[in-house]
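From first to last, the protein sequence lines stand for chains A and B. If you use my numbering, the first sequence corresponds to residues 1 to 128, in order. If you use my numbering, the second sequence corresponds to residues 1 to 353, in order.
Possibly wrong hints are sitting among the right ones.
[Unchecked claim] In the SDA-like style, the derived pairs of lysine to any residue whose C-alpha atoms are separated by at most 20 angstroms in a straight line are:
id: 1; chain 1: A; residue 1: Lys64; chain 2: B; residue 2: Lys256
id: 2; chain 1: B; residue 1: Lys258; chain 2: B; residue 2: Ala21
id: 3; chain 1: A; residue 1: Lys64; chain 2: B; residue 2: Gly93
id: 4; chain 1: A; residue 1: Lys64; chain 2: B; residue 2: Leu235
id: 5; chain 1: A; residue 1: Lys64; chain 2: B; residue 2: Gly282
id: 6; chain 1: A; residue 1: Lys64; chain 2: B; residue 2: Gly297
id: 7; chain 1: B; residue 1: Lys76; chain 2: B; residue 2: Val254
id: 8; chain 1: B; residue 1: Lys256; chain 2: B; residue 2: Leu77
id: 9; chain 1: A; residue 1: Lys64; chain 2: B; residue 2: Gln171
id: 10; chain 1: A; residue 1: Lys64; chain 2: B; residue 2: Leu311
id: 11; chain 1: A; residue 1: Lys64; chain 2: B; residue 2: Gln288
id: 12; chain 1: A; residue 1: Lys64; chain 2: B; residue 2: Leu221
id: 13; chain 1: A; residue 1: Lys64; chain 2: B; residue 2: Asp19
id: 14; chain 1: A; residue 1: Lys64; chain 2: B; residue 2: Gly22
id: 15; chain 1: B; residue 1: Lys273; chain 2: B; residue 2: Leu77
id: 16; chain 1: A; residue 1: Lys64; chain 2: B; residue 2: Gly289
id: 17; chain 1: A; residue 1: Lys64; chain 2: B; residue 2: Asn89
[Stated by the list, open to error] Footprint (simulated), chain A over chain B, 3 or more residues, beta carbon under 8 angstroms:
id: 18; segment: 27-33
id: 19; segment: 136-150
[Unchecked claim] What follows is a list of derived Cβ distance ranges for each label pair:
id: 20; chain 1: A; residue 1: Thr65; chain 2: B; residue 2: Ala340; range: 15 to 25 angstroms
id: 21; chain 1: B; residue 1: Glu213; chain 2: A; residue 2: Val124; range: 35 to 45 angstroms
id: 22; chain 1: B; residue 1: Tyr351; chain 2: A; residue 2: Val47; range: 51 to 61 angstroms
id: 23; chain 1: A; residue 1: Asp5; chain 2: B; residue 2: Ala200; range: 49 to 59 angstroms
id: 24; chain 1: A; residue 1: Ala119; chain 2: B; residue 2: Thr344; range: 46 to 56 angstroms
id: 25; chain 1: B; residue 1: Gly297; chain 2: A; residue 2: Glu76; range: 25 to 35 angstroms
What the hints contain is simulated information worked out from the structure, not anything from laboratory work. The beta carbon of each residue, even a glycine, is placed where N, CA and C say it ideally should be.
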Amino acid sequence: MHTPDSLRYVRSHEWASAPDDGVVTVGISDFAQDQLGDVVFVELPDVGRQVAAGEAIAVVESVKTASDIYAPLAGEVVAVNEGLEDAPEAINAAPYEGGWLFKLRVDDPSAWDGLLDAAGYEAVAEAD
Amino acid sequence: MQRTPLYEAHEALGARIVDFAGWAMPIQYPSGINHEHLAVRQDVGVFDVSHMGELRVRGAEAVPFLRWSTLNDAGKLRVGRGQYSMLPNDQGGLVDDLYLYRDADDDFLVVANAGNVDVVDGQLRRLSEGFDVVIEDESERWALIAIQGPGAALLLERLSNSDLAAVRKNQTVDVHVGGCPVRLARTGYTGEDGFEAFVAPADAVAVWDLVVEAGAAPCGLGARDTLRLEAGFPLYGHELGPDTNPLATPFAWVVKDKPFFGREAMWGVEPGKRLVGLRLDGRGIARQGYEVTDERGTPLGEVTSGTLSPLTREAIAMAWVRTSHAEPGSVVQVLIRGQAVRATVVVPPFYGR
Chain A
1 MHTPDSLRYV RSHEWASAPD DGVVTVGISD FAQDQLGDVV FVELPDVGRQ
51 VAAGEAIAVV ESVKTASDIY APLAGEVVAV NEGLEDAPEA INAAPYEGGW
101 LFKLRVDDPS AWDGLLDAAG YEAVAEAD
Chain B
1 MQRTPLYEAH EALGARIVDF AGWAMPIQYP SGINHEHLAV RQDVGVFDVS
51 HMGELRVRGA EAVPFLRWST LNDAGKLRVG RGQYSMLPND QGGLVDDLYL
101 YRDADDDFLV VANAGNVDVV DGQLRRLSEG FDVVIEDESE RWALIAIQGP
151 GAALLLERLS NSDLAAVRKN QTVDVHVGGC PVRLARTGYT GEDGFEAFVA
201 PADAVAVWDL VVEAGAAPCG LGARDTLRLE AGFPLYGHEL GPDTNPLATP
251 FAWVVKDKPF FGREAMWGVE PGKRLVGLRL DGRGIARQGY EVTDERGTPL
301 GEVTSGTLSP LTREAIAMAW VRTSHAEPGS VVQVLIRGQA VRATVVVPPF
351 YGR
């Protein structure tokens, strides 16, 4: 399992990058993409939508199953990864780079520090 | 969980193992379901299907017994051939779907789904009362390896040093692979040319390894499911079940017009619905149990299986719909997570042959 130290994570297997001017990028972890298997379809939220932390706002669908994606932090959706429409397999190939899902302008950037760090997340994932 | 003789081979290949009908089976290998699927469509793949059950039906009255207890006509099955069939219940539905192989005039091997072996065995034994037949569970005596794809025949010709060109679809032939006796049947569940190899459990690893070393991609149950669905084949528990009248499915051809157990409940009853193929707009997957409606939202039925075709990249499904919407070209809707997605009724297979 590949879990970059620079990111923060939540138990539902999403990652969030460090706030840059209040904006975090969100995707699913390497562990999550491996569990899902080949991703074939992604439903992304509308840009401009206000979301609460823990709210289901996207769906990642693999051959095996459809999985809800939760907002790791509260904020506004400011961008979505439109490239995933034609190439959802980027989530498998590069879950922390080309496979990102959406960007949030977070209400409280300091809340990011309270999410799981890489070691904390790996412990959670291994117990799953 | 039960393990097939190939369990360690799957682990060594890095397979993800899941519980399937009480068996620890590979759902996929590290290359993934799409890769495995395309390997079978374009070249050759190999599947462990040793979890399937085998029942021997032998005796002077094996033919009249199987003509009574199963839906296809075992009397038309020639020695050395296989036949797709189904086991009916007395409610007009199905206990399982089956493959019959005739090894001699009075000797048949019946292959049943892993999860249904015991109920199939029980029903055959009950119905065999009064017939001169003996039924034996041979499941422990057979490992079953499916070699499937356009390259399957060539690969097996090399490994068995034999000419398979004359072996016709549904025909069986006895060969040796790596010194191990192998009964090859030109059958499969992928829509491609291919063979299913019956081998002794003790020989399974040797045969599997030779097939993999010869270039066949190891394939798990995930690809087996996407391949059979793309080809329009049914899976018991999805398209077929205790409440499924096979006469309302594309597999009605299996049911032959002869006396059989449960005929009154099945024959001449109009179920009012049909099992059809659907091609969906967009790429969301219609999964089992999702509702199908007409364009006004009136319920028509439900989805039995769905996937994204790895070959055509289209969302495809099989579903029950009311007869009013069962004609090819009919437009319906599938409710995917509350959203109505447009779909068109089509006749499987879902890809060009």
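**Request:** Verify the proposed pairing of A/Lys64 with B/Gly297, using a straight-line Cα cut of 20 angstroms.
**Result:** violated (27 angstroms)
**Message:** Run the distance test for A/Lys64 versus B/Gly93: straight-line Cα separation, threshold 20 angstroms.
**Reply:** violated (28 angstroms)
**Pair hint outcome, A/Lys64 versus B/Gln288 [Cα-Cα no greater than 20 angstroms]** = Holds, because 12 angstroms separates the two Cα atoms, which is no more than 20 angstroms.
**Prompt:** Has the hinted range 46 to 56 angstroms been met by the Cβ atoms of A/Ala119 and B/Thr344?
**Reply:** Taking Cβ atoms as reference, A/Ala119 and B/Thr344 lie about 51 angstroms apart, which means the hint holds.
**Asked** Are A/Lys64 and B/Gly282 close enough, with their CA atoms no more than 20 angstroms apart?
**Response** Roughly 18 angstroms between the alpha carbons, so the hint for A/Lys64 and B/Gly282 holds.
**Request:** Measure nothing beyond the straight line between the CA atoms of A/Lys64 and B/Gln171; if it is 20 angstroms or shorter, mark the hint as holding.
**Result:** violated (34 angstroms)
**Prompt:** Keeping to a limit of 20 angstroms between CA atoms, is the pair of A/Lys64 and B/Lys256 held or broken?
**Reply:** The hint is violated at about 36 angstroms.
**Message:** What's the verdict on A/Lys64 and B/Asn89, does the C-alpha distance respect the 20 angstroms limit or exceed it?
**Reply:** violated (31 angstroms)
**Prompt:** Is it true that the CA of B/Lys273 sits at most 20 angstroms from the CA of B/Leu77?
**Reply:** violated (31 angstroms)
**Asked** Given the proposed pairing of A/Lys64 with B/Leu311, does the C-alpha separation stay at or below 20 angstroms?
**Response** holds (16 angstroms)
**Prompt:** According to a criterion of three or more residues whose C-beta lies within less than 8 angstroms of a C-beta of chain A, is the segment 27-33 of chain B covered?
**Reply:** holds (count 4)
**Request:** Take a quick look at whether B/Lys256 and B/Leu77 sit within 20 angstroms of each other, Cα to Cα.
**Result:** holds (13 angstroms)
Hint violations for this structure: numbers 1, 2, 3, 6, 9, 15, 17, 19 and 22, all remaining hints satisfied.
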